[in-house]
Amino acid sequence: MNGGKKLDGRELVSAVVAEAVRRGAEMAEAYYGRSEDLTIEVRNGEVETLKIASEEGLGIRVIKGGCLGFAYTSDLSWNAVKETIDAALANLQVASEDSFNTLPEAPSSYPELDLLDPALRKVPLEEKIEKTRAIERAGRSFDPRVRLTDRVSYEDSWYQVAIANSRGVLASHQGAFCGGSAVLVAESEGEQQTGFSFQLTRRYHDFDPEAIGKEAALKAVRMLGARPKETMKVPIVFDPYVVTSFLGLLATALTAEAVQKGRSLFVGKVGEKVAASGVTIVDDSLLEGGILSTPFDGEGVPGQRKLLIKDGYLRGFLHNTYTAARDGVASTGNALRASYKSTPEVGSSNFYLAPGKIKNEEIIRNTERGLYLTEVMGMHTANPISGDFSVGAAGIWIEGGELTKPVRGMVIAGNIVRLLEMVDAVGSEVRFFGGRGAPVIRVTGLTLSG
Amino acid sequence: MFSKADLEEILQVAQKGGDFAEIFLEEKRVTRIGCEDKKIERVIAGREEGAGIRVLKGENTAYGYTNDLSKENLLKLAKRVSGAVCENPDASVVINSQKLPVPFPVEKRPDEVPISDKVALVQVADEAARSVDAKLVRQVTVGYGDVVQKVVIANTEGTFVEDERIRTRLAVNVVAADGGVIQTGFEAAGGTQGLELYEEETPWELGRKAANRAILMLKARHAPAGRMPVVLSGEAGGTMIHEACGHGLEADLVQRKLSVYAGKKGEKVASELVTVIDDATLPGKYGSFRCDDEGNPAQRTVLIENGVLQGYLYDHLTARKDGVRPTGNGRRESYQHQPIPRMSNTFLAPGDASPEEIIKETKKGLFVEKMGGGQVNTVNGDFVFEVTEGYLIEDGEVKAPVRGATITGNGPEVLRRIDMVGNDLGFAIGTCGKDGQGVPVSDAQPTIRIPELIVGGILEKEGDQD
Chain A
1 MNGGKKLDGR ELVSAVVAEA VRRGAEMAEA YYGRSEDLTI EVRNGEVETL KIASEEGLGI
61 RVIKGGCLGF AYTSDLSWNA VKETIDAALA NLQVASEDSF NTLPEAPSSY PELDLLDPAL
121 RKVPLEEKIE KTRAIERAGR SFDPRVRLTD RVSYEDSWYQ VAIANSRGVL ASHQGAFCGG
181 SAVLVAESEG EQQTGFSFQL TRRYHDFDPE AIGKEAALKA VRMLGARPKE TMKVPIVFDP
241 YVVTSFLGLL ATALTAEAVQ KGRSLFVGKV GEKVAASGVT IVDDSLLEGG ILSTPFDGEG
301 VPGQRKLLIK DGYLRGFLHN TYTAARDGVA STGNALRASY KSTPEVGSSN FYLAPGKIKN
361 EEIIRNTERG LYLTEVMGMH TANPISGDFS VGAAGIWIEG GELTKPVRGM VIAGNIVRLL
421 EMVDAVGSEV RFFGGRGAPV IRVTGLTLSG
Chain B
1 MFSKADLEEI LQVAQKGGDF AEIFLEEKRV TRIGCEDKKI ERVIAGREEG AGIRVLKGEN
61 TAYGYTNDLS KENLLKLAKR VSGAVCENPD ASVVINSQKL PVPFPVEKRP DEVPISDKVA
121 LVQVADEAAR SVDAKLVRQV TVGYGDVVQK VVIANTEGTF VEDERIRTRL AVNVVAADGG
181 VIQTGFEAAG GTQGLELYEE ETPWELGRKA ANRAILMLKA RHAPAGRMPV VLSGEAGGTM
241 IHEACGHGLE ADLVQRKLSV YAGKKGEKVA SELVTVIDDA TLPGKYGSFR CDDEGNPAQR
301 TVLIENGVLQ GYLYDHLTAR KDGVRPTGNG RRESYQHQPI PRMSNTFLAP GDASPEEIIK
361 ETKKGLFVEK MGGGQVNTVN GDFVFEVTEG YLIEDGEVKA PVRGATITGN GPEVLRRIDM
421 VGNDLGFAIG TCGKDGQGVP VSDAQPTIRI PELIVGGILE KEGDQD
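Heads up: the sequence lines are chains A and B, in that order.
When the letters of the first sequence are read in order and numbered with our numbering, they come out as residues 1 to 450.
When the letters of the second sequence are read in order and numbered with our numbering, they come out as residues 1 to 466.
It should be emphasised that the hints constitute simulated quantities derived from the structure, not laboratory data.
Cβ coordinates follow ideal geometry from the N, Cα and C atoms, glycine included.
Check before you lean on any hint, since a few could be wrong.
[To be verified] One-sided excerpt, in silico: chain A residues whose CB lies under 7 Å from chain B:
{"id": "1", "residue": "GLY69"}
{"id": "2", "residue": "THR194"}
{"id": "3", "residue": "GLY262"}
{"id": "4", "residue": "GLY409"}
{"id": "5", "residue": "ALA413"}
[What the hints assert, rightly or not] Covered stretches of chain B, as calculated for chain A (at least 3 residues, CB under 8 Å):
{"id": "6", "stretch": "53–61"}
{"id": "7", "stretch": "371–385"}
The shape of chain B in the complex, shown without the other chains:
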């Protein structure tokens, strides 16, 4: 789009207003397919391009974006954004092209696969879900999406990176009904991969799994309410780790003292069984990238090791403030947003116990096979997450399915109390929202046990049957 000299010229104008200037150019092609009622209803193709210019002065940020990408307009924007901060004398800017480590090979690029092949994937998932039980399955919604995003990132510290990110995603939502009871089942796969992903995670399996979950929940009774031991399956996803600890370790929240983990580096904040890692370099995962949205290379960051807090997730601005190197976690939803510290692929590292042993040693409690969404208040550490597939544990065995449970707890308290960690590990994908920006992430954990959490269900003896 622009030559090296053009970018240098724009940066030179921008940096007059501060001590750091950056330009982020983005060109994105997206495809989305939606199927409901057995009909391919939405077939969407999109092209979007734009530029974001950022100027930093001390800890203050000025940001501007536009999708009019003429050089003239970008120079105008650079001037406006720099004027928003203050006036600096001229200084020349030199940027040098950098090579990125970690190749992410993509076999079947979404922009080289015909749209009819993508529609076929969606139809297979739809048929698979309906084939589980034609009577109970009332509605199936299948969504497919792919993105080919090209970025150019350059800043006044000399960074000049070009990257291409490819992501695909397939999600199935099933509504099952029996009498007056309606339940849903959800299953999704996605990654920084092309369509080869769906040879492994087949649309047939995704559809079946989502339908089976919805049907199972039809027969489930209401989850019990109150305090009890909770075993989270290694298949459950990592929502709890993401909420209970990940967000609180993002450096912006820590520096503003808005995290319960602020000022605790080097301290014991969790049980010795707990090691938490954020790793953007894992090939193919949904939260992976080669460089972050500030051009810093992706890395593996140990956040908590054997219960001791090792460090935080940094972007450029927060790293500068703490006098450390960024950890490559400066991410943004698009050119319309300034980068902020974000997670990538976050997981609780596996331990020694077998999942069977953990269940066997739990007399009574809740077994969570699959988690849904969650939320955290990082200031006091309180979090919630939903259970989309849960079972009662009685006498060390997984028994009847239960539905409608939400679990609430306090992050630091839960981390200290985790008393068993399994040797398995399962990932789940999601879109993480913060400050109005959504970014793709994945998270994972082994099977773990927390001796006490609050399960929000319905008091049984007082009725409320349906």
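Extracted from the complex, chain A is given alone in its bound form:
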């Protein structure tokens, strides 16, 4: 253990836990993460940026007398590891005592998931560059008005995690994903508009560069000539991507952490109707092909599928080990770690609005007059505690069930809970953007300001 041969992930986390206990921790946990990433950016057919990356590190949690401390290091030499354990132990001395601080026990088994596409690591760099160029080509040739590339990129990522704790947890897994994105600019009569598209997938063969390029181009071109309209209340049809940005607000409010700390809109509402009947919201850590699918969470608790809102009724919340202990329930396996640098906080996995019965495009056709909302701006300014939002809005005007002229420079304001109650149509085709998915929905009763 004195810096000779380098340990692999499982060996390292086991050794760290034993050392932390030896140095005085009542309970200890070690989390190891390693990743290798590739990014290719293309502009005008040339590789503008090529990025290769590798990173690894260790996060250590220790508990003593109900107090919890955390420290992390990217330096995995045994001396640095020992210093990091001591830093975590020093931190717990100034932390507040909380009897719910605990670590999970080892489960009987973990689900088996297929997260590593062997094809991905075999594809040569040249082919990935060619696919990136294909995104740009498909977009730029879509329409003569598509004249500029803001950003066209390909990325892939391979990762490995290992976790151990002093209550017997020892697990590891690896996975990979790839994808591409495009932001293209259309130009006409001195006016410029952008269009954006992206796809992330677990399977290299599902990666579709042409579709990404075409979608970004279409979105840019159709916004040319957009104008604001007067202030009014009209039905608003949300594009799936826009729905997923609103789901971000909900995902926070549906964590038990937000509920226990009195900063969720859903405090005390389990069993109550909180949304229109068409609304069902699911968090599924085991979703096949899901970008955030995982056999176990950031504490080593097995992943699972959870119905959070069913047909408008609130069923429950997302938990990690701490919030579960505090509520006297079992963890839902939703302890999320962004990396070895973060503590496992309650968060969503593959989080989506379940499909309804009407075809997505049927919803537009059934709308006499309204806005097809394709873009919101400033979503990060929405208030996850009160649920109030007020965001910049752009889209296409619907007249007689048809998409007509583009609209931009408007604002929609409201409250996320009221919005859920105002959903009067839910489409049948769910589209995923990374870890969030949704179909088209229609909301009637929001104010559109211009």
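Once you have looked at the hints, place chain B on chain A.
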């Protein structure tokens, strides 16, 4: 970590692939403390080190990073990154150590202050917020963070700079509730300073301010919706200037013709009352630095002077392309990112009018006391920002508070229409995101008036009361 000769050797390998090579070494120690429910819940200590190697060939970039800092591994990475661009013959590399101007004195270094003192600051802010109104204040979240970052930057043009950056930050978020209404109030202080900052910006004051704002917003009615004159207070922060103009003046966006300000240098792009400056040399501000993340010295850059566009914010790559000197705005979040042109401390320079006069001369409109976050589409110039504390103006006086407003407008249009500029100036801190990289910035403006902006609120006559 590495000798001058080691760095030269690594650069020599890297530059075989291009016409410029650079190494950025970083060692970072961070502390974070989180308090909620009156409990010190998170106490985090982190150490992180890594290196980024960049090779440029013409306008193309190859970048690689690793946190395995053995010389052997860095030579391997240099070879991989250079191979990613092309093959060049050998050429020797000589770097020379440079001294940095602008000293930023730090009195109480965060790595020399015991963690218990930092916890005490957090607890004071928590108590202060709760003391405002024990009944209405439902939750208080206090976050403290400090960073001691050591960097070594060397490149094949001979640059060899070592620097240490120290930053601290304290933020308070308060949730107040009354009946079914929930509102929040936020206040933060931060700077390239040690813990001496909190003797001036006391945690007690920060906590009180955040709680008072949340409580005030409980009583506020919904903001009106539609077009109206807007007066932004000198205390409001500089989010609008940052979004409406700052991003569009970053040279990468300009060169790709993705900015409404592209090709407009020397032209009148704003009202004569408008002068916009980016200044990384301001001592102690959150967006300040002595040198940027490419080793270029920090400077003060006049972007717009009396309405005329003077220039853009440059990093090495964009400056090279335009044949100008970099303005010292090449910044990166960490060794994991390539530098890109970024703002530092950006502000609209003060004018002559008194803030009182500006309000008095506005018959009806919205007075923005505090702005929150924002976003801009630089291609068409449309921006939004949130109002976290706002009031109606009626007959030249500030009247009832309003909540839930977001303001939208078009950058170039707003700059042309600003018709009153006050003689005050107030800074606010933030983390600015671009291309997936967050960097600390501050921005500021005096009290200003824009004759017409779109306020997104809720139509009153149709209900939606809560």
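(message) Interface hint check: A:ALA413, Cβ to nearest Cβ on chain B, cutoff 7 Å. Holds or violated?
(response) Because about 5 Å separates A:ALA413 from the closest Cβ in chain B, which is inside the 7 Å limit, the hint holds.
(message) Less than 7 Å between beta-carbons is the criterion; does A:GLY69 satisfy it with respect to chain B?
(response) 6 Å, holds
(request) Have a go at the A:THR194 hint: is there a Cβ in chain B nearer than 7 Å to its own Cβ? (result) 5 Å, holds
(request) Go through the hint on A:GLY409 and say holds or violated, using the shortest Cβ distance to chain B against 7 Å. (result) This interface hint holds because 6 Å falls under the 7 Å limit.
(message) Please check whether the stretch 53–61 of chain B has three or more residues whose CB lies within less than 8 Å of a CB on chain A.
(response) Satisfied; 3 residues make the cut.
(message) Under 8 Å between beta-carbons, do enough residues of the stretch 371–385 of chain B, three at least, approach chain A for the coverage claim to hold?
(response) holds (count 11)
(message) A closest beta-carbon separation below 7 Å is what the hint needs, so does A:GLY262 meet it against chain B?
(response) 5 Å, holds
In the structure shown, no violation is registered for any of the earlier numbered hints.
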